[in-house]
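Going down the list, the sequences are from chains Z and R. The C-terminal residue of the first sequence carries number 380 in my numbering, and the numbering is unbroken. The C-terminal residue of the second sequence carries number 380 in my numbering, and the numbering is unbroken.
Derived by calculation from the structure, the hints in this document are not laboratory data. Honestly, I wouldn't trust all of these hints.
One copy or any two copies: either way a pair holds, since identical chains are not told apart in the list.
The list that follows gives simulated cross-link-like pairs (lysine-lysine, DSSO-like), each with its CA atoms no further than 30 Å apart [as the list claims (entries may be wrong)]: (1) Lys249 with Lys97; (2) Lys212 with Lys91; (3) Lys255 with Lys336; (4) Lys336 with Lys266; (5) Lys97 with Lys348; (6) Lys140 with Lys313; (7) Lys212 with Lys336; (8) Lys336 with Lys222; (9) Lys282 with Lys266; (10) Lys266 with Lys344; (11) Lys91 with Lys313; (12) Lys212 with Lys222; (13) Lys249 with Lys336; (14) Lys266 with Lys140.
Computed from a prediction, not measured in an experiment: that's the story for all the values here.
There are 2 protein chains.
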Amino acid sequence: MSLNLKTQTEYFTNPLYLESGRILEPYNITYETYGELNDDKSNVIVICHALTGSHHCAGTYEDENKAGWWDSFIGPNKTVDTNKYFVICSNVIGSCFGSTGPMSPQIPHHNPYRYKFPVITIKDMVKAQRILFDRLGIHSVYAIIGGSMGGMQALQFAALYPKFALKIIALATTHATQPWAIAFNKIAQEAILKDPDFKQGYYDSEVIKEQGLSGMAIGRMAGHISFLSSESMSQKFGREYKRTDGLYELFGKFQVESYLEYNGYNFTKWFDPLSYLYLIKAINIYDLSRGFDSLHDALKKVNTELHLISFRSDQLFKSCEMKELNDTLTKVGHKNHFYKEVQSDYGHDAFLVEFDIFENYVRDILK
Amino acid sequence: MSLNLKTQTEYFTNPLYLESGRILEPYNITYETYGELNDDKSNVIVICHALTGSHHCAGTYEDENKAGWWDSFIGPNKTVDTNKYFVICSNVIGSCFGSTGPMSPQIPHHNPYRYKFPVITIKDMVKAQRILFDRLGIHSVYAIIGGSMGGMQALQFAALYPKFALKIIALATTHATQPWAIAFNKIAQEAILKDPDFKQGYYDSEVIKEQGLSGMAIGRMAGHISFLSSESMSQKFGREYKRTDGLYELFGKFQVESYLEYNGYNFTKWFDPLSYLYLIKAINIYDLSRGFDSLHDALKKVNTELHLISFRSDQLFKSCEMKELNDTLTKVGHKNHFYKEVQSDYGHDAFLVEFDIFENYVRDILK
């Protein structure tokens, strides 16, 4: 069976009413689908991507070296089985892979929005996806799965549209972003803003793709620290020094420094700095209880079967945060929620790389 | 009784032979003393400072608003009682508070060394201090106490000069810097190097003191993340938003962001960026076992009574690192070592702020 990978973009001319009170109008959403929609449209699984992810979560295009970001997880006979399910993953608004974001042309003059782009929230991303699904004639889905910022969306779907999904699986995420996660994002924000090549938002995207943007690279390095754990860093790098460098050279490098540098600078070739600023903002202000008196109140309407999966060594969205959400769901009287802490040493990135530890668990949920 | 605070500088014309094989010549060391040296010189306590500390660890100068960095700990009738002990704290070489560092004039032309300054190690810092003490006629001491980079020095004293100190107390430190600590330092290094005002080391110190250096501020923000813990961040900041900012302003700030920003930029007014690069290098390459086949071998000569104090929530130098050192000392057959994990939520900074939890423990050691 084939993956049946399709990429499409839908255009919306009706305004999107944002949580901030502002509107986005017009806007478009780029999305990918895999597998086949069945006749009664009962086999839809929605995948939500993380901060720097995209709609391209599985399969490999002809001109690509690397498969989609969750390819080990999604495909024929894989955990999310595209022989059975019709899978949709859309690029969130505010991002830079086809959906409307800060570098999209503003109507009527067609110059990029840049700082004129409105602040987007996780709720706005979810609302826009729901409008996309309506356009596609899909008014309810079998499951929604997401990790990290994708997990925030999954939880927001549960709170905002209590009957939309039958099952929701949120991995490596939180119900409200905590100060240490905001602190890591602050490094990125400050480093981007102070980079002279960023030019207060008036940077040249082509130049950045070619030369990199050190401010965003530095921010991404801080991100990578938060994505790993002390255990995974010890295992990956230890105190290994780059073989070619001298120990007493001021800029000689440990392996961990090379790793951060390579990944930091490489990142700036494929991600837009304004999108980065807008998406970390969305993550920072994410709070499932906003608009309610408490998290307890926010969860009262939640009806969906809800699966919370945390990773023991996750430093960014700690297990205790998921545990708190789980306990609150219990207190609210929610009947169908399940919490699992995966015993991984890998840190936050575990949800992207350690499939073997949790894929059976997810497979059982989807059965 | 008074603190009897004195600041002095000693000049050395004999070369300092560095671990790298290079030499530093001439050099000077600025130091402070408190209390009175007794007749048989048996009441000396050496204090070793951390990365951005200085020789000024106690008391307040007339023109100062703030006391020395360990003032709650050192003084008449305090834990380190200056009525009883003669306390010395010297500024490490490579730093920027009077001892020779990268911005010191290079002989004979008297221009600053900048990148021509040799890489300094923790062992070099300790060796230079020993030479200072010799100059002062002090050939053994009662105790050496240090936290963080100061703890590294304390441990290095134990390994390098087995009979120099009767008691050594190392707090919130490690026997070898681990990759996560190196990773945080990498953010600082990269941000400083990429700051156009740094001018590849040819910056104008006066301009920086006035205007700040955003690269170093960003690096310091990363440092502050590593100095705190999730618990202390939750307690200090939670998800509090700056009262004056709107939640949907792209650059509106959470309290944690204001804290990082204020402390980051303020730091650049009083610390030199080249010293920062050299001192984080010294920390990164610190490894008590260098030159030996193993940590076990490095500890064989250690003779001093050794007290290891870690802080439960320290994310930078984790308790398990001190534990490992303690276990290796036991295996080596060292007789007089003691390990204590202080139950603090405060993270790495606990050694600077939570005196009340560990001062009695230290007081008992010094009795």
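**Asked** At most 30 Å between C-alpha atoms: does Lys212 with Lys336 qualify within a copy, between copies, both, or neither?
**Response** neither (42 Å within a copy, 48 Å between copies)
**Item:** Within, between, both or neither: Lys212, Lys91 at alpha-carbon 30 Å
**Value:** Neither way: Lys212 and Lys91 sit 45 Å apart in one copy and 53 Å across, limit 30 Å.
**Request:** State whether the alpha carbon distance between Lys212 and Lys222 is at most 30 Å within one copy, between copies, both, or neither.
**Result:** both (15 Å within a copy, 24 Å between copies)
**Message:** Regarding Lys255 and Lys336, is the shortest C-alpha distance of 30 Å or less found within a copy, between copies, in both, or in neither?
**Reply:** So Lys255 and Lys336 pass the 30 Å test across copies only (28 Å; inside, 40 Å).
**Asked** Should Lys91 paired with Lys313 be assigned to within, between, both, or neither, using CA atoms and 30 Å as the limit?
**Response** This pair counts as neither: shortest intra-copy Cα distance 34 Å, inter-copy 55 Å.
**Request:** Evaluate Lys336 and Lys222 at a C-alpha cut-off of 30 Å and name the case that applies: within, between, both or neither.
**Result:** neither (41 Å within a copy, 46 Å between copies)
**Prompt:** Using 30 Å as the alpha-carbon threshold, which applies to Lys266 and Lys140: within, between, both, or neither?
**Reply:** For Lys266 and Lys140, only the inter-copy Cα distance (25 Å) is at most 30 Å; the intra-copy one is 46 Å.
**Asked** Using 30 Å as the alpha-carbon threshold, which applies to Lys336 and Lys266: within, between, both, or neither?
**Response** Close across copies (27 Å), not inside one copy (39 Å); limit 30 Å.
**Prompt:** Given identical chains, is Lys97 near Lys348, meaning Cα to Cα at most 30 Å, within a copy, between copies, both, or neither?
**Reply:** Close inside one copy (27 Å), not across copies (67 Å); limit 30 Å.
**Request:** Evaluate Lys140 and Lys313 at a C-alpha cut-off of 30 Å and name the case that applies: within, between, both or neither.
**Result:** For Lys140 and Lys313, the Cα distance is within 30 Å only inside one copy (19 Å; across copies 65 Å).
**Message:** For Lys249 and Lys336, with the copy left unspecified, which applies at a CA distance of at most 30 Å: within, between, both, or neither?
**Reply:** both (29 Å within a copy, 22 Å between copies)
**Request:** Pop the pair Lys282 and Lys266 into one bin, within, between, both or neither, using alpha-carbon distances up to 30 Å.
**Result:** both (23 Å within a copy, 28 Å between copies)
Comparing the model with each earlier hint shows violations of hints 1, 2, 7, 8, 10, 11; every other hint is respected.
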